[in-house]
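Fit chain B to the known structure of chain A by using the hints.
As given, the protein sequences belong to chains A and B, one line each in that order.
Letter by letter, the first sequence follows residues 1 to 677 in our numbering.
Letter by letter, the second sequence follows residues 1 to 150 in our numbering.
It should be emphasised that the hints constitute simulated quantities derived from the structure, not laboratory data.
Check the hints yourself; a few may be wrong.
Subject to a maximum C-alpha distance of 16 Å in a straight line, what follows is the list of computed EDC-like cross-link-like pairs (lysine to aspartate or glutamate) [to be verified]:
| no. | chain 1 | residue 1 | chain 2 | residue 2 |
| --- | --- | --- | --- | --- |
| 1 | A | K637 | A | E658 |
| 2 | B | K125 | A | D289 |
| 3 | A | K165 | A | D140 |
| 4 | A | K201 | B | E123 |
| 5 | B | K117 | A | E190 |
| 6 | A | K297 | B | E116 |
| 7 | A | K594 | A | E162 |
| 8 | A | K201 | A | E162 |
| 9 | A | K642 | A | E658 |
| 10 | A | K97 | A | E225 |
| 11 | A | K642 | A | D665 |
| 12 | A | K603 | A | E162 |
| 13 | A | K222 | A | D289 |
| 14 | A | K642 | A | D657 |
| 15 | B | K118 | A | E190 |
| 16 | A | K215 | A | E100 |
| 17 | A | K201 | A | D289 |
| 18 | A | K215 | A | D98 |
| 19 | A | K222 | A | E331 |
| 20 | B | K118 | A | D289 |
| 21 | B | K117 | A | D289 |
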Amino acid sequence: MPLAASNEVFVIPLLSRRRVKFRRIKLFGLTLLTTFWASVKWSEFMPTDISLFMHWFLLILFFLTFGWISLYFFSAVFGFLELVRKRHYEGIKHPAKDAELNAKTAILVPSYNEDAAAVMARVLAMAEDLGKYSEGKQFDFFILSDSTNPEIWLQEEVMWFEAKKQFPQGINLYYRHRPRNTARKSGNIEDFCTRWGSNYKYMLVLDADSLIIGKTMIQMAKLMEANPTTGIIQAPPQIVNAQSFFARLHQFSGKVYGRIVMAGQSYWQAWDSNYWGHNAIIRVQAFIDSCGLPVFKGKAPFGGYILSHDFVEAALIRRAGWLAWMLPELEGSYEECPPSMLDFASRDRRWCQGNLQHIRILISRKIHPVSRVHFTVGIMSYLSSLLWCLLLLFGVGIVVWRYFFPPAYFTQSKELFPSWPIFNVWGTIALFVLSMVMLFFPKILGVLYVIGKGDKQYGGAGKLWQGFFVENLFSALSAPVMMLFQSKFIVEILSGMDSGWKTQNRTAGTSWRDGIRMHWWQTAVGVGASVLIYNYAHTLFYWMLPITLGMMLAIPLSVLSSRVWGKKSKQRIFTIPEEVHEPDILQNSKRNFKQLEQFITDKDMLALLKNDIYVSVHIYLLAINGPMPDFGSDLIKRVQHKVSSLSGGGDENLSLDEKRYLLYDEKLLQGYAVLCK
Amino acid sequence: MVAIKLYQPEDLIKSYVSSWHIDSATTISALSDEAAKDVKSLDELLDWLDNYLLSRLMPIKKDKILSDGQFLALVKVVYLQHELYQDFNIFDIAAVTEDKLIKLQEAMSEYKFLPEKKVVMPEQKIKVYNPFSLFLQYLKKGFRHAFGRK
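Extracted from the complex, chain A is given alone in its bound form (with noise of 0.2 Å):
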């Protein structure tokens, strides 16, 4: 039961709600203000030749931009502020030093279709940092699959075997398969609370890329003990591991200038915080009391099962008067990052599907105003790209018909004085210089922030200023080639396509077939439009190219971005501390990888099957799955009809349907496993 039932009854006597208020009222309020004044200033600039609808629509457009360059801007300086004056986060109990864990907490790794040696070597990783605490006993492991590569499966299940014999004493290592991946991740998660979460009394949810230092779980299972009103804290994850250009940009962005950002957001947010889906905590009977999701009416995209269940999930368990935190100052969270822009791309296609989603649960009773707020920032994040997109055509679109159709001078006959179009092109400007330097300001306080902490592990200051140089360039050239592909994600959502769910690549570069293939559009866009602007729009062509170029470039932007360049060392550009002094924790995962990858070199089913003892982990684990998902009669007659008339030796001519049922029929399984040796 939860403890309270709404957001009155609780008293957090180390913030008061006046604060938090008054915080919220000075960031909410300077952004509206600003925005106010730069949409007042935007109209006075605008051309006086066009229509009043468009003047209003160019508003609109501006309005809600700015306003969100506006409240980026100032929540960071909030934060930066909050970091200078070393505040500790404020209104959360920490636990005494010497307090004992006597919860048990089940750490869920939910996996779909991922390198399986890779997933369990973080795991192990995790679990040895558990082991070398005393209350590391109190955490088990739940390797949650969602798998539908049966090859993948049976890999999983080869990598539990032999990570749980290294196994520290005292912590569980479970390892599950879910024959029908019923609502993906969130129904992954609901299917562990309703079957075993009640043995729990936390749940620490994890990605397949997520790693969390033993110190810091352990840390987190405590502050959950010692604030019982709370439903969920965030660990903000780090990007860590990155190689290629692009990850190791995102890496330093996120390491340098998130960090200001993070305290800006809790700083306002306080109790009210977010969920991001993993890396947090959560209190398993508020969650199963408060979170079940319900399928929305009608077809994907917009119907179905609610896609970003994170964000939806946060504002539930607030509804239900649980609080939701957010801790910057846990640190040794750690996550990877996309290694190259189509990746990224691919990964938002299912996030901007799962946020423009949230456009229902935005207007739905008892919601509260702050995770109406998330669910504001979480659409605004893919539809402020849209938007830009809009401004952009339609501020051209203005110069080129200006060319085609002049302005008449004199509307009516005998006028005595002309009508002259008025455009302030100088306010126009410095209206684009304030959004710059809102857009950039946040990120040299980052960098000012690092360097005035002294912290050497960065390559110094010159090696911060130059990647923060490049970082923005990047930034600028590949924010228009983003900004089209998200528009197209939009345009595809509202226009019924489904994402669908696959799996995310977590190594791989881009190649030259691959980059053409998925950003010729975007280099077309981007020729097509200078030429238009040179020819019809010429005043504003070298306005237009830091864009017009971005989507030019985008072919060997993507392609090199995803390269690892540079060896590695202390002095290279990007470089953040974890990689100068690499955390225990990645160094074994990177060993335990090894070792474990060892197990499964063939990662061919078949070759796995000729092990008899991996045959019968799997029959074993059968039992624990849950029933067999409908093949239809057609494909098992024809995999027993396949099976049957092997002569020895196994057989590749399976499909993964085929084999994924073979899988789920144990008699079959072991005359195929034995016809495979």
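Coordinates of chain B only, in the frame set by chain A:
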């Protein structure tokens, strides 16, 4: 091909019971190529199982939980399913009594996956507002907050 039984605890017991009728030549399987190469005697086999496999997959403390006879039975049950290892005729199946079997069953229940505690997650209602009424509601709240009685 030898009929292969399962590793699941309940099925293992069933398979064990049914295996009582298997003739005395029935022996434990070739556990794996590695075991087949290394194991030369019963003691070696037990050690191999204990150290290499069972201690990890099913961490049995044979000296604490199971008697040697029970452990032997367990080993036999678990690996009965494999191809027969003709050179070893080491298990006297009949020596395992019903009583030992029950104890064995109890012991094996520990190796099950964590027991399920089934609960239901109630589906939450998310009722969509009319955006206009939502706006009015916030407006009303704002006015009450600003001008209402404290």
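Status of each hint after checking the structure:
Restraint check for K637 of chain A and E658 of chain A: satisfied, since their Cα atoms lie roughly 10 Å apart, inside the 16 Å limit. Of the pairs offered as hints, the one joining K125 of chain B and D289 of chain A holds, with about 12 Å between alpha carbons and a cut-off of 16 Å not exceeded. Under the criterion of a C-alpha separation no larger than 16 Å, the hint pairing K165 of chain A with D140 of chain A is consistent with the structure, at around 15 Å. A hinted pair counts as satisfied when its Cα atoms are at most 16 Å apart, and K201 of chain A with E123 of chain B does not qualify at roughly 21 Å.
A C-alpha spacing of about 13 Å is found between K117 of chain B and E190 of chain A, which places the hinted pair at or below 16 Å, so the restraint holds. Of the pairs offered as hints, the one joining K297 of chain A and E116 of chain B is violated, with about 31 Å between alpha carbons and a cut-off of 16 Å exceeded. Distance check on the hinted pair: K594 of chain A and E162 of chain A sit about 13 Å apart at the alpha-carbon level, within 16 Å; holds. For the hint linking K201 of chain A to E162 of chain A, the alpha-carbon distance of about 28 Å lies beyond 16 Å, and the restraint is violated.
The suggested pairing of K642 of chain A with E658 of chain A holds, with an alpha-carbon distance near 10 Å, which does not exceed 16 Å. Among the hinted pairs, K97 of chain A with E225 of chain A is consistent with the structure: their alpha-carbon atoms are about 13 Å apart, no more than 16 Å. Between K642 of chain A and D665 of chain A the alpha-carbon distance is near 14 Å, which keeps this suggested pair within the 16 Å criterion. The hinted pair formed by K603 of chain A and E162 of chain A meets the criterion: a straight-line CA distance of about 15 Å does not exceed 16 Å.
Note on K222 of chain A and D289 of chain A: the hinted pairing is violated, with a Cα-Cα distance of about 22 Å set against a maximum of 16 Å. The straight-line distance between the Cα atoms of K642 of chain A and D657 of chain A is roughly 13 Å, inside the 16 Å bound, and the hint therefore holds. A distance of roughly 11 Å separates the Cα atoms of K118 of chain B and E190 of chain A; the hinted pair therefore holds under the 16 Å criterion. Simply put, K215 of chain A and E100 of chain A have alpha-carbon atoms about 13 Å apart, close enough for the 16 Å limit, and the pair holds.
A distance of roughly 13 Å separates the Cα atoms of K201 of chain A and D289 of chain A; the hinted pair therefore holds under the 16 Å criterion. Distance hint between K215 of chain A and D98 of chain A is fulfilled; the C-alpha atoms sit about 13 Å from each other, no more than 16 Å. This hinted pair checks out: K222 of chain A and E331 of chain A have alpha carbons roughly 15 Å apart, not beyond 16 Å. Restraint check for K118 of chain B and D289 of chain A: the C-alpha separation of about 13 Å stays at or below 16 Å, so the hint holds.
The hinted pair formed by K117 of chain B and D289 of chain A meets the criterion: a straight-line CA distance of about 15 Å does not exceed 16 Å.
Violated hints for the displayed structure, listed by number in ascending order: 4, 6, 8 and 13.
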